[in-house]
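Trainee: Read off the chains here:
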Amino acid sequence: MAGIAALTLAGCQDKSGGGSEAGGASRDQIRAVGSSTVYPFTTAVAEQFARKNAGFKAPIVESTGTGAGMKLFCAGVGAQFPDIENASRRIKKSEVEDCAKNGVKQIIEVQIGIDGIALAESKAGPAMALTQEDIYKALAAEPYGKPQTAKTWKDVNPSLPATAIRVLGPPPTSGTRDAFAELILDKGCNADPAMAALKKTDADKHKAICTKVREDGAYVESGENDNLIVQKLEANPDSVGIFGYSFLEENADKLRGIAIKGVVPTYETIASYQYPGARPLYIYVKGAHLTAIPGLKQFVAEYASAWGPDGYLKRRGLIAAPADVRAKNAEIATKLTPFDPAQAE
Amino acid sequence: MNSTLVAGVPATGAEPPAPARTPTDWRGAKMQGSIRRRYAAERRFRLLGLGAVLLSAGFLVFLLWTMVGNGARGFTQTELRLDVDFPASTLMIDPAALAGPGKDAALAGADIEGATTAAATAAFGTDGERLLSDGAWLTVRDAIAADPTILRRKAQIWVPAATNIDLAAKGDAAPEDEAAYARLDKAGVTKTGLNLTFLKNADSTDPTLVGVWGALKGSLLTMFVTIVLAFPVGVLSALYLEEYAPRNRWTDLIEVSINNLAAVPSIIFGLLGLAVFLNFMDMPRSAPIVGGLTLALMTMPVIVIAGRNAIKSVPPSIRDAALGIGASRVQVVFHHVLPLALPGILTGTIIGMARALGETAPLLMIGMRAFIASPPGGLTEPATVLPVQIFLWSDEVSRGFVEKTSAAIIVLLVFLMLMNGIAIYLRNRFERRW
Numbered sequence: 001m002a003g004i005a006a007l008t009l010a011g012c013q014d015k016s017g018g019g020s021e022a023g024g025a026s027r028d029q030i031r032a033v034g035s036s037t038v039y040p041f042t043t044a045v046a047e048q049f050a051r052k053n054a055g056f057k058a059p060i061v062e063s064t065g066t067g068a069g070m071k072l073f074c075a076g077v078g079a080q081f082p083d084i085e086n087a088s089r090r091i092k093k094s095e096v097e098d099c100a101k102n103g104v105k106q107i108i109e110v111q112i113g114i115d116g117i118a119l120a121e122s123k124a125g126p127a128m129a130l131t132q133e134d135i136y137k138a139l140a141a142e143p144y145g146k147p148q149t150a151k152t153w154k155d156v157n158p159s160l161p162a163t164a165i166r167v168l169g170p171p172p173t174s175g176t177r178d179a180f181a182e183l184i185l186d187k188g189c190n191a192d193p194a195m196a197a198l199k200k201t202d203a204d205k206h207k208a209i210c211t212k213v214r215e216d217g218a219y220v221e222s223g224e225n226d227n228l229i230v231q232k233l234e235a236n237p238d239s240v241g242i243f244g245y246s247f248l249e250e251n252a253d254k255l256r257g258i259a260i261k262g263v264v265p266t267y268e269t270i271a272s273y274q275y276p277g278a279r280p281l282y283i284y285v286k287g288a289h290l291t292a293i294p295g296l297k298q299f300v301a302e303y304a305s306a307w308g309p310d311g312y313l314k315r316r317g318l319i320a321a322p323a324d325v326r327a328k329n330a331e332i333a334t335k336l337t338p339f340d341p342a343q344a345e
Numbered sequence: 001m002n003s004t005l006v007a008g009v010p011a012t013g014a015e016p017p018a019p020a021r022t023p024t025d026w027r028g029a030k031m032q033g034s035i036r037r038r039y040a041a042e043r044r045f046r047l048l049g050l051g052a053v054l055l056s057a058g059f060l061v062f063l064l065w066t067m068v069g070n071g072a073r074g075f076t077q078t079e080l081r082l083d084v085d086f087p088a089s090t091l092m093i094d095p096a097a098l099a100g101p102g103k104d105a106a107l108a109g110a111d112i113e114g115a116t117t118a119a120a121t122a123a124f125g126t127d128g129e130r131l132l133s134d135g136a137w138l139t140v141r142d143a144i145a146a147d148p149t150i151l152r153r154k155a156q157i158w159v160p161a162a163t164n165i166d167l168a169a170k171g172d173a174a175p176e177d178e179a180a181y182a183r184l185d186k187a188g189v190t191k192t193g194l195n196l197t198f199l200k201n202a203d204s205t206d207p208t209l210v211g212v213w214g215a216l217k218g219s220l221l222t223m224f225v226t227i228v229l230a231f232p233v234g235v236l237s238a239l240y241l242e243e244y245a246p247r248n249r250w251t252d253l254i255e256v257s258i259n260n261l262a263a264v265p266s267i268i269f270g271l272l273g274l275a276v277f278l279n280f281m282d283m284p285r286s287a288p289i290v291g292g293l294t295l296a297l298m299t300m301p302v303i304v305i306a307g308r309n310a311i312k313s314v315p316p317s318i319r320d321a322a323l324g325i326g327a328s329r330v331q332v333v334f335h336h337v338l339p340l341a342l343p344g345i346l347t348g349t350i351i352g353m354a355r356a357l358g359e360t361a362p363l364l365m366i367g368m369r370a371f372i373a374s375p376p377g378g379l380t381e382p383a384t385v386l387p388v389q390i391f392l393w394s395d396e397v398s399r400g401f402v403e404k405t406s407a408a409i410i411v412l413l414v415f416l417m418l419m420n421g422i423a424i425y426l427r428n429r430f431e432r433r434w
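Here the protein sequences line up with chains A and B, keeping their order.
Heads up, the first sequence is in UniProt numbering, so the first residue is 1 and it goes up one at a time.
Heads up, the second sequence is in UniProt numbering, so the first residue is 1 and it goes up one at a time.
If you're looking for bench data, these hints aren't it; they were derived computationally from the structure.
Virtual Cβ for every residue (Gly too), placed ideally from N, Cα, C.
Some clues are possibly wrong.
[Said to hold, decoys possible] Just a few of them, taken from the derived set where beta-carbon distance is under 8 angstroms, the chain A residues facing chain B:
#1 S246
#2 F247
#3 G317
[Said to hold, decoys possible] Here are some, though not all, of the chain A residues that point toward chain B, as calculated from beta-carbon distances under 10 angstroms:
#4 R27
#5 Q29
#6 E47
#7 V220
[To be verified] The following label-pair restraints were derived from C-beta to C-beta distances:
#8 B:G69 to A:D28: 41 to 47 angstroms
#9 B:D172 to A:Q298: 35 to 41 angstroms
#10 A:E182 to B:D94: 32 to 38 angstroms
#11 A:N53 to B:N309: 54 to 60 angstroms
#12 B:A146 to A:E331: 25 to 31 angstroms
#13 B:A99 to A:N53: 20 to 26 angstroms
Please work from the sequences and hints to get the whole structure.
Mentor: See below:
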């Protein structure tokens with residue numbers, strides 16, 4: 001793999017003077033890759049950007065998933081590498097290092113808003129109210145290091161109905177699953193002081209116990225297609241689905257959000273981070289491309305104008321970040337201040 | 001009855017008397033039972049065959065029924081009549097400027113979106129803009145561009161309705177949208193007609209503005225590259241292997257390799273395309289030329305195998321006769337063998353092309369699953385193809401995309417049927433019997 005990458009780079013440098021047509025040595029439209037959660041927002045901005053700026057071509061947006069997108073984004077500087085990475089989580093330290101190794105040193109991080117990971121059931125369902133501990137105990141492969149025995153929600157918590165545990169959710173390759181593990185399972189796991197202590201002594205074991213999901217059929221991996229989960233929930237009112245908040249909002253006449261610790265997923269509870277499943281969404285812009293790719297600066301500015309509570313991204317299901325976060329990121333978007341690699345975890 | 005002999009035994013008296021045989025008793029219970037079993041087996045087999053045909057026809061009917069049932073609505077669109085009072089609006093465009101070359105700049109500079117929103121509020125109440133599609137102002141802009149004189153008067157413009165209203169008109173929406181539609185319908189400002197946008201636009205984020213043309217054109221360009229490469233290479237390989245190549249261990253090895261290649265899962269070709277065309281040869285990502293090259297690799301072995309079988313089935317007597325009257329090898333091949341083998345080769349080619357047309361996996365690897373808002377202009381411009389477009393739409397949040405997905409499937413099926421139809425026509429035209 002490294003050999004191929006090196007070859008490509010060498011080939012690209014050879015041709016950069018020639019300006020070959022097929023090599024894409026120059027490009028007149030923006031290319032974005034990355035998260036499927038951010039995809040609908042970036043495409044909406046791309047469309048609006050193309051309508052408002054008649055001189056620029058519409059940007060190309062590819063939905064590859066956050067992790068695969070980061071690999072493409074960090075592969076190097078040049079016309080064949082994307083300019084923008086859509087991310088449903090923050091860039092990792094290893095990714096920053098990978099980027100730096102390939103010459104991608106200037107990265108601009110912009111938080112575009114908040115997304116909520118909603119747990120939902122059919123309107124005909126039993127109207128459950130859960131806590132992170134309940135969810136962790138019901139879904140972990142080995143809850144608190146002990147074998148999983150729960151068959152119904154009642155086994156987990158006697159106040160819950162005696163319906164079989166059946167949760168439809170994203171596969172491990174999805175950014176939504178990462179966030180679900182981090183925001184819900186991990187929190188539920190750490191409710192046990194022994195687990196919180198284990199995190200300090202043996203982080204790997206802690207991760208395995210706290211985020212590994214059972215594989216005996218109670219958790220159904222439903223691919224990346226959230227519409228499918230909505231259909232299945234309608235057909236099986238006893239099951240629970242995990243997906244992005246925008247799907248819950250769009251299907252509000254069929255589905256009901258499940259309260260976690262008494263907080264129902266709504267626009268307000270997610271915007272204030274009261275709902276435990278709230279997570280920030282980002283775009284990363286390649287600093288070295290800002291002057292080379294026409295319209296990239298204007299595109300970032302267009303994004304900043306769209307993410308407010310009155311912006312058109314709200315209608316697409318994006319939840320606006322608090323006013324101070326928006327102000328800070330709007331400043332980054334206009335001044336294009338690079339992100340400090342030391343901040344990455 | 002007695003004179004009836006068992007068939008095949010000659011009834012000549014000269015033969016020595018055969019050992020005494022009891023003639024078959026056709027009316028006997030045993031024989032009658034056996035005959036009944038025989039007929040029953042015939043009937044059973046016929047019914048089983050008929051059942052198999054009916055079952056597969058049933059699946060096809062079910063598929064078409066659900067697709068047409070869901071997708072037919074995707075080809076229609078609800079429009080609302082918007083009364084725009086241009087002289088009273090905040091729109092600042094000089095009609096004279098629209099006549100000159102500065103037309104685009106003048107249109108881009110004006111706040112048509114704001115004027116459309118204002119007109120919607122005036123016409124339909126405070127939430128009026130929510131009833132219109134996000135792209136309603138584009139229709140208004142086009143109307144102004146087509147006839148600048150409307151800026152001097154009040155005009156009635158039919159603009160696309162929001163996707164909720166569109167679904168309500170088709171009877172599949174939340175109760176409040178149904179109520180809003182009923183109110184509009186009563187006022188007589190709605191109409192539902194053929195959705196031309198769907199046939200001439202490319203991808204969009206708003207289901208009222210999406211179109212299938214971008215993906216269809218991408219598919220056509222990709223298929224063009226595939227056939228231009230795979231057909232000549234495949235047919236020439238088949239001809240060489242059948243007519244010229246010596247039979248030895250090397251040609252056996254090549255034959256086995258080609259058969260293996262035809263059975264390789266398509267995703268592997270995608271990875272190959274990624275490594276060779278994008279990473280090594282530095283070709284543009286998401287371009288139809290790369291998609292076509294990748295699919296040509298996948299289709300070629302199918303054409304070679306079908307071509308070899310078709311060439312093999314040309315009777316050797318035809319070759320011998322042609323050689324016998326002094327034709328050269330090339331003349332034999334091009335005047336006799338190839339025309340006779342062509343129907344078979346074409347059938348194989350179309351099957352290979354149909355498979356390539358429906359292929360998604362390898363194209364995902366080379367970046368053809370992107371959001372592309374304008375139809376591709378050439379072979380190196382970013383494009384997507386029909387099956388990938390269907391895959392992308394099936395994952396969209398907005399409910400309006402459900403019917404658009406089914407409509408795109410119908411377009412793909414029609415395209416496939418056209419291809420198969422051409423194949424059958426060509427086969428019948430070239431077919432010769434002897």
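Trainee: Each hint needs a verdict: does it hold in this structure or not?
Mentor: Okay, the hints, checked on the actual structure:
1. S246: The hint holds - S246 (chain A) has a Cβ within 8 angstroms of chain B, the shortest such distance being about 5 angstroms.
2. F247: holds, 6 angstroms
3. G317: G317 (chain A) check passes; min Cβ-Cβ to chain B is 6 angstroms, inside 8 angstroms.
4. R27: holds, 8 angstroms
5. Q29: At 8 angstroms from the nearest chain B Cβ, Q29 (chain A) passes the 10 angstroms test, so the hint holds.
6. E47: holds, 5 angstroms
7. V220: Since chain B brings no Cβ nearer than about 18 angstroms to V220 (chain A), farther than 10 angstroms, the hint is violated.
8. B:G69 to A:D28: 41 to 47 angstroms: For G69 (chain B) and D28 (chain A) the Cβ distance comes to about 43 angstroms; the hint holds.
9. B:D172 to A:Q298: 35 to 41 angstroms: holds, 39 angstroms
10. A:E182 to B:D94: 32 to 38 angstroms: violated, 57 angstroms
11. A:N53 to B:N309: 54 to 60 angstroms: About 56 angstroms separates the Cβ atoms of N53 (chain A) and N309 (chain B), which means 54 to 60 angstroms holds.
12. B:A146 to A:E331: 25 to 31 angstroms: Given a distance of about 43 angstroms, which is not inside 25 to 31 angstroms, the answer is violated.
13. B:A99 to A:N53: 20 to 26 angstroms: Between A99 (chain B) and N53 (chain A), where Cβ atoms are some 24 angstroms apart, the hint holds.
This entry does not satisfy hints 7, 10, 12, going by the numbered hints stated previously.
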